[in-house]
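Residue numbers (our numbering), protein chains in the order written: chain D, 1 to 113; chain L, 114 to 223.
Since the hints were made in silico from the structure, they are not lab data.
Misleading hints may appear alongside valid ones.
[As the list claims (entries may be wrong)] Taking lysine-lysine and the DSS-like style, the derived pairs with C-alpha atoms no more than 27 Å apart in a straight line are:
| id | chain 1 | residue 1 | chain 2 | residue 2 |
| --- | --- | --- | --- | --- |
| 1 | L | K144 | D | K42 |
| 2 | L | K130 | L | K170 |
| 3 | D | K68 | D | K56 |
| 4 | D | K71 | D | K56 |
| 5 | D | K42 | L | K170 |
| 6 | L | K131 | L | K170 |
| 7 | D | K112 | D | K42 |
| 8 | L | K144 | L | K170 |
| 9 | D | K42 | L | K131 |
| 10 | L | K131 | L | K144 |
| 11 | L | K130 | D | K42 |
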Amino acid sequence: GENVGLHLPTLSVQEGDNSIINCAYSNSASDYFIWYKQESGKGPQFIIDIRSNMDKRQGQRVTVLLNKTVKHLSLQIAATQPGDSAVYFCAENLQNAGNMLTFGGGTRLMVKP
Amino acid sequence: EADIYQTPRYLVIGTGKKITLECSQTMGHDKMYWYQQDPGMELHLIHYSYGVNSTEKGDLSSESTVSRIRTEHFPLTLESARPSHTSQYLCASSEYNEQFFGPGTRLTVL
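Use the sequences and the hints to build the structure in full.
Encoded structure:
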């Protein structure tokens, strides 16, 4: 979903189910992407990254998929746990902007026990 | 766990006060950043530094200033705080692409 005003897109899943969080990025020249997890009252934490020469990268329980054709990034979390409840942000690295990261709007993941 | 620290974690002050938010990192990173973030919303870059004596303004206009006299230290100062400055301020550092974030300072200006 899109971030509209003060309303943060929210994904609610049952514990144990898989979660998919989506992100549309803006710059076709971006060559590096990161997913961050931000728990309440904390700073963002790195989850997984992917370079533009790849279309899939797997970590522990997480997978990032990159579709450069439609400028779309997704984060898949397997067997979602209550500790996964947080706001998730994608960020793109703009090479022509001195390797700065541009963050998208977040998605709140709520895991129901 | 990233070795980047911010103090204070929470601050409530009155309008017109001068404040400095501290940020320190022990990773020896050259690049450091300040972001402003309303709860759960996207991060907006307000200042960054590529190294000692280097500071630049970010995308979001801010009335704050920064300094970078030492590699490990990147303080942010508001000369005269206003209620519109109420927000969360996040500091980050990086060596390459990945940015490591501090826990943030939650600022409330009354």
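Inset, instruction - Against the structure, test the hints numbered earlier, and report the numbers of the ones violated in rising order. - result: The structure breaks none of the hints.
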